[in-house]
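Order-wise, the sequence lines are chains A and B. Going by the numbering used here, 9 is the number at position 9 of the first sequence; the sequence numbering is gapless. Going by the numbering used here, 104 is the number at position 104 of the second sequence; the sequence numbering is gapless.
Be aware that one or more of the hints could be misleading.
Straight-line Cα separation of at most 30 Å, DSBU-like style, residue types lysine-lysine; simulated pairs [unchecked claim]:
(1) B:LYS68 - A:LYS62
(2) A:LYS44 - B:LYS5
(3) B:LYS54 - A:LYS83
(4) A:LYS71 - B:LYS100
(5) A:LYS44 - B:LYS56
(6) A:LYS44 - B:LYS54
(7) A:LYS11 - A:LYS62
(8) B:LYS100 - A:LYS83
(9) A:LYS62 - A:LYS44
(10) A:LYS83 - B:LYS112
(11) A:LYS78 - B:LYS112
(12) B:LYS71 - B:LYS100
(13) B:LYS56 - B:LYS68
(14) B:LYS56 - B:LYS100
(15) A:LYS44 - B:LYS68
(16) B:LYS56 - A:LYS11
(17) A:LYS71 - A:LYS44
(18) A:LYS71 - B:LYS112
(19) B:LYS5 - B:LYS71
(20) B:LYS5 - B:LYS68
(21) B:LYS112 - B:LYS5
(22) B:LYS112 - A:LYS62
Worth flagging that the hints you see were computed from the coordinates, not collected in a lab.
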Amino acid sequence: EAGVAQSPRYKIIEKRQSVAFWCNPISGHATLYWYQQILGQGPKLLIQFQNNGVVDDSQLPKDRFSAERLKGVDSTLKIQPAKLEDSAVYLCASSTGGNTIYFGEGSWLTVV
Amino acid sequence: DQQVKQNSPSLSVQEGRISILNCDYTNSMFDYFLWYKKYPAEGPTFLISISSIKDKNEDGRFTVFLNKSAKHLSLHIVPSQPGDSAVYFCAASEGTGGFKTIFGAGTRLFVKA
Numbered sequence: 001e002a003g004v005a006q007s008p009r010y011k012i013i014e015k016r017q018s019v020a021f022w023c024n025p026i027s028g029h030a031t032l033y034w035y036q037q038i039l040g041q042g043p044k045l046l047i048q049f050q051n052n053g054v055v056d057d058s059q060l061p062k063d064r065f066s067a068e069r070l071k072g073v074d075s076t077l078k079i080q081p082a083k084l085e086d087s088a089v090y091l092c093a094s095s096t097g098g099n100t101i102y103f104g105e106g107s108w109l110t111v112v
Numbered sequence: 001d002q003q004v005k006q007n008s009p010s011l012s013v014q015e016g017r018i019s020i021l022n023c024d025y026t027n028s029m030f031d032y033f034l035w036y037k038k039y040p041a042e043g044p045t046f047l048i049s050i051s052s053i054k055d056k057n058e059d060g061r062f063t064v065f066l067n068k069s070a071k072h073l074s075l076h077i078v079p080s081q082p083g084d085s086a087v088y089f090c091a092a093s094e095g096t097g098g099f100k101t102i103f104g105a106g107t108r109l110f111v112k113a
């Protein structure tokens with residue numbers, strides 16, 4: 001069974017530029033998550049989708065971050081404009097709706 | 001506010017001995033707890049979990065203990081192996097569906113051969 005796929009793996013951008021990350025969850029997983037992991041910290045939930053509806057986006061900085069999950073499968077996370085403090089690993093994860101979450105390898109963002 | 005705390009940033013253990021990783025939580029609404037393991041440059045992978053209706057769950061070399069009154073859980077690895085060297089994250093969620101799953105900051109385990 002294929003795991004959660006993410007791209008790009010690595011991205012370096014200048015502050016105030018924009019970036020987009022793509023995620024393809026495990027087939028059949030209705031729940032999709034985007035987490036932000038800053039170096040030395042645990043993953044922090046940015047947004048959780050159930051199919052193509054948002055379940056929780058309370059910690060998403062909506063002035064600069066946006067996410068969508070069209071057709072309830074793939075998802076994109078966009079940051080515009082980026083700030084230095086956005087440098088982190090962006091982890092996409094999916095689940096069947098239970099408590100166990102399956103993570104992708106992450107997209108590493110460096111903002112300079 | 002840190003609802004899930006892992007107060008030990010790192011732990012070093014000799015191969016064959018027991019590793020004990022600790023985790024504390026503050027939110028009494030949490031009723032499902034998980035441990036994830038993370039190798040460098042990879043995403044976290046699920047290791048073991050426990051529901052709040054239990055106080056122990058065992059899977060091979062890994063055992064998770066839950067003390068609800070103390071809002072504390074621990075992961076025991078016996079015997080520890082060099083391949084167990086990784087960062088371990090404690091996580092907690094409310095109810096089913098992985099709603100509001102909160103992660104601790106992680107503990108880096110070093111198992112020395």
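Results of checking the hints against the structure:
| no. | hint | result |
| --- | --- | --- |
| 1 | B:LYS68 - A:LYS62 | violated (36 Å) |
| 2 | A:LYS44 - B:LYS5 | holds (13 Å) |
| 3 | B:LYS54 - A:LYS83 | violated (44 Å) |
| 4 | A:LYS71 - B:LYS100 | holds (23 Å) |
| 5 | A:LYS44 - B:LYS56 | holds (27 Å) |
| 6 | A:LYS44 - B:LYS54 | holds (26 Å) |
| 7 | A:LYS11 - A:LYS62 | holds (21 Å) |
| 8 | B:LYS100 - A:LYS83 | holds (25 Å) |
| 9 | A:LYS62 - A:LYS44 | holds (15 Å) |
| 10 | A:LYS83 - B:LYS112 | violated (40 Å) |
| 11 | A:LYS78 - B:LYS112 | violated (41 Å) |
| 12 | B:LYS71 - B:LYS100 | holds (18 Å) |
| 13 | B:LYS56 - B:LYS68 | holds (11 Å) |
| 14 | B:LYS56 - B:LYS100 | holds (23 Å) |
| 15 | A:LYS44 - B:LYS68 | holds (24 Å) |
| 16 | B:LYS56 - A:LYS11 | violated (42 Å) |
| 17 | A:LYS71 - A:LYS44 | holds (25 Å) |
| 18 | A:LYS71 - B:LYS112 | violated (48 Å) |
| 19 | B:LYS5 - B:LYS71 | holds (11 Å) |
| 20 | B:LYS5 - B:LYS68 | holds (15 Å) |
| 21 | B:LYS112 - B:LYS5 | holds (25 Å) |
| 22 | B:LYS112 - A:LYS62 | violated (45 Å) |
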